[in-house]
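K.L.:
Single-letter residue listing:
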Amino acid sequence: MKAKHQRLILALVALAALIGAGLLAASALKDEAAYFYAPGDVKAKGVEPGKAIRLGGMVVKGSLKRAADGVTMFFDVTDGKATVPATFSGIAPDLFKEGSGVVAEGSFDAKGTFIATNLLAKHDERYMPRELEGMSYNETTRQLQVDQ
Amino acid sequence: MPYWPCRARAAKDAALMHRFANPARFLKIARPLTGWLFWSGLVLLLAGCTCGLFVTPADYLQGQTVRILYIHVPAAWLGMAGWTGIAVSALMQLVWRHPLAAVAGRAIAAPGALFTAICLATGSIWGRPTWGTWWEWDGRMTSMLVLLFLYLGYIALANASARQGAGQGGVSNVTAIFGLVGAINIPIINRSVVWWNSLHQGPSITLRGSSIDMALLWPLGLTLLGFSLWFGAIVLMRMRAILAQNKVEARMQRLARG
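First to last, the protein sequences are chains A and B. Counted from 1, the first sequence has number 107 at position 106 by the working numbering; the numbering is strictly sequential. Counted from 1, the second sequence has number 131 at position 130 by the working numbering; the numbering is strictly sequential.
Derived by calculation from the structure, the hints in this document are not laboratory data. Do not take every clue at face value.
[Claimed, not checked] Quick look at which bits of chain A chain B covers, simulated, 3 or more residues with Cβ under 8 Å:
#	segment
1	15–27
2	45–54
3	92–105
4	123–130
Idealized CB from N, CA, C, for every residue including glycine.
Input sequences plus hints: build the corresponding full structure.
P.N.:
Here it is, written out as structure tokens:
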């Protein structure tokens with residue numbers, strides 16, 4: 002066997018071992034590396050009240066209600082498997098709206114309501130012009146509106 | 002050495018691979034190719050950026066911020082393609098002792114790091130209005146930051162373990178091994194949004210098609226191709242600079258010997 006072939010076999014074995022190690026590490030990280038809990042995960046595994054977590058999912062359409070103080074809002078978060086009620090006081094990002102993705106940082110209270118201390122809007126992989134969605138964007142009010 | 006047909010074929014294969022191992026032959030092709038790649042890349046990427054800024058409509062949800070896509074996506078692709086190139090040239094350097102592979106590895110590192118940094122910066126600028134945060138430690142962002150650190154580590158290691166003398170402009174073998182090991186991060190970056198819950202959205206363009214509407218997608222093709230050609234031109238320029246440096250080094254040594 003020539004030295005060149007020895008080096009090739011050695012490199013391929015090392016590469017295979019490396020990929021194996023990487024895959025093992027990635028599968029071990031599977032749950033730990035998740036950025037947020039989905040409501041289904043919360044229901045399946047249970048999260049104790051007061052533990053700081055992130056909750057991610059869709060804001061249920063028609064569930065968003067604002068309190069009289071103008072900054073507190075109540076909404077439901079769902080991932081299709083479970084739905085969790087949540088509340089947040091503060092300024093939400095522009096893209097936070099019903100039917101859209103959200104990642105909330107905070108913790109559950111004793112009654113199972115998620116008290117969010119910070120809201121992040123999660124964008125999905127769809128990109129399209131407004132005309133297609135039947136919406137347009139008002140530059141002055143910075144609001145989306147449905148075209149008639 | 003007795004003549005064997007199979008040996009003759011192996012020799013022919015090797016000859017094909019080592020065709021461009023000769024720097025003079027490589028330079029003969031690289032010299033005119035550099036200009037072609039540079040100028041055609043520049044025209045395409047400027048056309049793509051102009052169309053992306055002024056011609057395409059705004060996104061239904063993100064509004065004008067969607068336009069950063071035309072820089073962000075090519076930068077991410079080139080950051081990852083650059084390391085893939087480093088890994089391939091590392092394999093060729095370690096197994097076949099290809100003399101130009103070590104030079105290619107060194108030439109790719111700096112532009113690869115630059116595009117990775119551009120990807121992180123544009124992503125951060127986009128994240129502030131879209132997500133409401135500059136930075137979050139989710140799978141995609143963290144693995145991309147790791148790629149930037151890998152590039153910086155590669156450059157530092159290449160400089161620290163550089164061999165002295167003529168014909169030594171490439172990276173050392175230990176740097177090549179580092180380049181090969183670091184390649185494990187590339188599939189992790191690619192799969193990070195599929196394996197784990199992440200703030201970064203899932204892949205928009207897959208084998209099954211694109212969830213980016215055609216009206217927004219087409220300038221991305223221009224900038225992707227344009228930046229890629231440009232990247233190729235930068236790599237060729239740097240390889241030629243390293244080979245020229247080698248030549249100077251060799252001449253100086255000859256002069257010193259008298």
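K.L.:
Decide, hint by hint, whether the structure agrees.
P.N.:
To see whether the hints hold, each was checked on the structure:
1. Interface restraint, the segment 15–27 of chain A with chain B: holds (7 residues with C-beta to C-beta distance below 8 Å; minimum three).
2. As drawn, the segment 45–54 of chain A meets chain B at 0 residues by the rule of a beta-carbon pair under 8 Å; below three, the given contact is violated.
3. For the segment 92–105 of chain A, the stated coverage by chain B holds: 7 residues have a C-beta nearer than 8 Å to a C-beta of that chain, and at least 3 were required.
4. For the segment 123–130 of chain A, the stated coverage by chain B holds: 8 residues have a C-beta nearer than 8 Å to a C-beta of that chain, and at least 3 were required.
The structure is inconsistent with hint 2 alone, although it conforms to all the rest.
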